[in-house]
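Following the hints, put chain B in place on chain A, whose structure we already have.
Line by line, the protein sequences give chains A and B. Going by our numbering, the first residue of the first sequence is number 16, and it counts up by one from there. Going by our numbering, the first residue of the second sequence is number 112, and it counts up by one from there.
Please keep in mind that the hints were generated in silico from the structure rather than gathered at the bench. Please note that the accuracy of each hint is not assured.
Cβ-Cβ distance ranges computed for the label pairs, FRET-style [what the hints assert, rightly or not]: (1) A:Asp551 to B:Met237: 27 to 35 angstroms; (2) B:His213 to A:Glu506: 48 to 56 angstroms; (3) B:Ser265 to A:Ile684: 55 to 63 angstroms.
With a cut-off of at most 30 angstroms between alpha-carbon atoms, the simulated DSBU-like pairs for lysine-lysine come out as follows [to be verified]: (4) B:Lys370 to A:Lys404; (5) B:Lys231 to A:Lys518; (6) A:Lys491 to B:Lys384; (7) B:Lys216 to A:Lys550; (8) B:Lys384 to B:Lys370; (9) B:Lys235 to A:Lys518.
Using N, Cα and C, we set each Cβ at its ideal position, and we do this for glycine too.
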Amino acid sequence: MEEPDTEPPLTVVPGADPARTQLCFEWGPAEMLLCETLFGRRGGERRGAPGGSAGPAPTGCGVAGGGDGALGPSRVFVVRRDQDIYMETLRKLFNESHGIFVGLQRCEEERAARARNAQLVQVSKNYRSVIRACMEDMHQAAISARDSALHSQYSIQLCFFQVSILSAMELIWNLCEILFVEAAPAGPLLLRLLDWVQLHICDVDNMVREVLGSENPSKHKLFWNVVDIFVLQGRMDEARHLLSKEAIANPTSMNMYKILDDLMKKMPVPSLGNTQTLTEMELKWQHWHEECQRYLQDGTFASNSHMESICKILLGDENAILEKKELMTTWYHFLVTRLLYSHPTVKPMELRFYAQSSMDMFLGEESNPEPLDTILMAAFEFELHQVIKECSVALSNWWFVAHLTDLLDHCKLLQSHNLYFGSNMREFLLLEYASGLFSHHSLWQLGVDYFDHCPEYGRVYLELHIERIPLNTEQKALKVLRICEQRQMHEQVRSICKIMAMKALRNNRLGSALSWSIRAKDAAFATLISDRFLKDYCERGYFSDLDLIDNLGPSMLLSDRLTFLGKYREFHRLYGEKRFSEAARLLLMLMTAHIAPCSFWMTLLTDALPLLEQKEVIFSAEQTYELMRCLEDLTARKLDKQKFQDDDVETMKVEMLRLALARNLARVIVKEGTLEGS
Amino acid sequence: MFVARSIAADHRDLIHDVSFDFHGRRMATCSSDQSVKVWDKSENGDWHCTASWKTHSGSVWRVTWAHPEFGQVLASCSFDRTAAVWEEIVGESNDKLRGQSHWVKRTTLVDSRTSVTDVKFAPKHMGLMLATCSADGVVRIYEAPDVMNLSQWSLQHEISCKLSCSCISWNPSSSRAHSPMIAVGSDDNSPNILAKVQIYEYNENTRKELTSSGGLTKFEIHIVAQFDNHNSQVWRVSWNITGTVLASSGDDGCVRLWKANYMDNWKCTGILKGNGSPVNGSSQQGIFNASLGSANTSLQNSLNGSSASRKQS
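Isolated chain A, as found in the complex (with noise of 0.2 angstroms):
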């Protein structure tokens, strides 16, 4: 199967020149940069006149120009791919389809062939009903721009443009869910092609409602296009109650009225449900052509033209059909008439004989098929993966051919035309379209579900692209997280915290960026930060974000440092709830058990002085001698590293707590030991 030899799309860059410039570019998660300049122009050897305001000696600077002229100073740009997903009248395709593509993965699979049949013509109707709401919306929004001109031409032409896009992929869609996803067979065929072609083909609703509505319709000079346009669409009631008019309003024509009335109340048409069968149909509707035969050869219908080419259409006259193009506007419209009035049992698969003849017919030898006709011929010629790839060249954004193909897929029948690669193509497409979503701040949430439903690549996918979602808010952040989170991406999850947490610290919010280190498992970042709530404390004498040191629970085990922390805070609240002797033990027990670092040691035997000169004794004796090695272990590593060091402040510190544990130490004594007899 050939690729559709395109050339590639072109993007103008605009004022890039580039028979002067080259360009550099770096991709970006969303966009990519691209700057004007001069990949030849580097290295010490091209010297020239030195740019701008460099120095006297030869800088290597790039020569702004050189000898031909001055290049002036180079751009950057910005390009963005899939800019449909930043169209606000597209959001809710977007939002709509997601919630059906994902009904779609999740739900149960009818058993009965005609019951999955049924669930999934609904679903595909469902997405039509979508794409049509957003394409009337959008057409409100034009009509109503245009009209109040507040928005510049450009957008309202978009609008406009954008709403025929949307026109032609319902239409599109339509044709498939018949022949695809329906499979309807022949009989039933031809009238969901009726219904498709009056649907669609919305130029004569105007028409016809002028008519209807005029005084005096049979005198109205587009009636009898009126009446011509019903009947090409099989509208016989309609047709009828025209011609009806037509007959009050002229008696003379009363005879041919009757006539041409009974002929097509009576014309066979397929039925929808068992009341015949194709049999059956084929020769009610071959006698009833014979008769009508009869009257045109009859020369009943010769004194009114209009009246005669009914009846000829009627038989299937193509010449007849023919003249009427202007009411048809399209081939395909021509082939349904056609087909009414010549097959009406067609079989889906002989369609694309008569799909071919009637293209050829209409638009007449020279002309080119647009894309819009070249897709719906590979519909008729039930080339699904034709189709695909035309509307993949023809659509600006993966939407709709990532969802068609799902569909088609779930219909089993992507697999039956080609083994080889029918399930990758669903991936590759539905790749496509949700990692376009991940450009958009909010849409990519969608993407999410999208790549969940690809087995072979949708994780890596995911991984790669939520990593660079931009985490502007913690809301956000905690988003994104619970996302991987889910889905036990834990690489990503702890990648996301440091960030967090390192933006948090930068920020200098000490509490934010623990929590965030926390969450990330990251024992030597909350070391650090630990150090710093510490070093916080020893400079301004109380801490900052006490709930959550408070609240730490068991992930205070992450780091030694972080356990200190919050033992430390936590003596500080027994001190404060004057629970003296727990605040004491816990004291001790942060130095002997070595959780506290030893540079905070002065200070924790400093926050034991209030201890030791409370009325009541505090600390035993035991935990006196404790404390009074602890003191001995610190000023001697002390004279260790500082031989000449005289810190007045710190050695008075010293005496002061000597003084203070030899009090105590006195006083624990005799309560020991008078306490053995009262």
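Frame of chain A; chain B shown alone:
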């Protein structure tokens, strides 16, 4: 569908490199005017320059962002034989109101004896590491063991490529299946040089060098597709985020995009090219030209029933 908008960059001389940060919300440009500019994207999609400062005493060839896990960090390299690492300092409140931020130099890497032609940070799972390459063919790999102290970098490896180097690229894969790898490209014009691209793989004991032509190689090299559409020298190639689209830029002033379809057939799926008309300042008009491509208008035409108007009589 691609759409291009231009931004007035305000460098006083030629720009040599543009770089996006990890999330695509900030960018950096560097120029022969010896400065680097940092741009931030606002909520409504406009780009504002939030910093502009002189970084080197020669043309700045490349600028690159570190992974945001390490904070807001940039590296630049220059003709002045140095590479530098910069960190953004959260500014005073009045700076923030003016939308300006400050970048301070954390370290200068002065080991090179010639112009430093490229600088790239390693993938984040390797820690805070970067590689530089120089015109004299030496690739240097540096590491900052303490990620909170960006002023301490130690030179971990020096690789002598024996060819003038113009660019480097790290293998971004974080899979444990293979060791870290770096590719080095050369612009050496000597005719007897065959291997213009060299790939180095880190081995705990030694550094093993695997070249793309001749000699023992661990990797099988297949040519998957070849295109000569640029019809001129190709200067840069780069993969997109998912590794599915390759972009190339050549002397013909175009950027071409290459992609494989689901049958693994590679073809050109887009061309980005200037139209030569000078546009002043930043322009939103470019959107009009680009989005109503020819394919779309014909679809619209056929829907409006223009096929009927082509009746022959």
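Results for each hint:
Between A:Asp551 and B:Met237 the CB atoms are about 32 angstroms apart, so this pair conforms to the stated range of 27 to 35 angstroms. For B:His213 paired with A:Glu506, a C-beta distance near 33 angstroms fails the hint of 48 to 56 angstroms. Separated by about 57 angstroms at the C-beta atoms, B:Ser265 and A:Ile684 satisfy the suggested range of 55 to 63 angstroms. Under the criterion of a C-alpha separation no larger than 30 angstroms, the hint pairing B:Lys370 with A:Lys404 is consistent with the structure, at around 15 angstroms.
A threshold of 30 angstroms between alpha carbons decides the hint, and for B:Lys231 with A:Lys518 the separation of about 22 angstroms falls inside it, so the pair holds. Taking the CA atoms of A:Lys491 and B:Lys384, the gap is near 36 angstroms; set against the 30 angstroms cutoff, the hint is violated. Taking the CA atoms of B:Lys216 and A:Lys550, the gap is near 26 angstroms; set against the 30 angstroms cutoff, the hint holds. A threshold of 30 angstroms between alpha carbons decides the hint, and for B:Lys384 with B:Lys370 the separation of about 18 angstroms falls inside it, so the pair holds.
For the proposed pair B:Lys235 and A:Lys518, the alpha carbon gap of about 16 angstroms is at most 30 angstroms, so the pair holds.
Checked against the numbered hints listed earlier, the structure breaks hints 2, 6; every other hint is satisfied.
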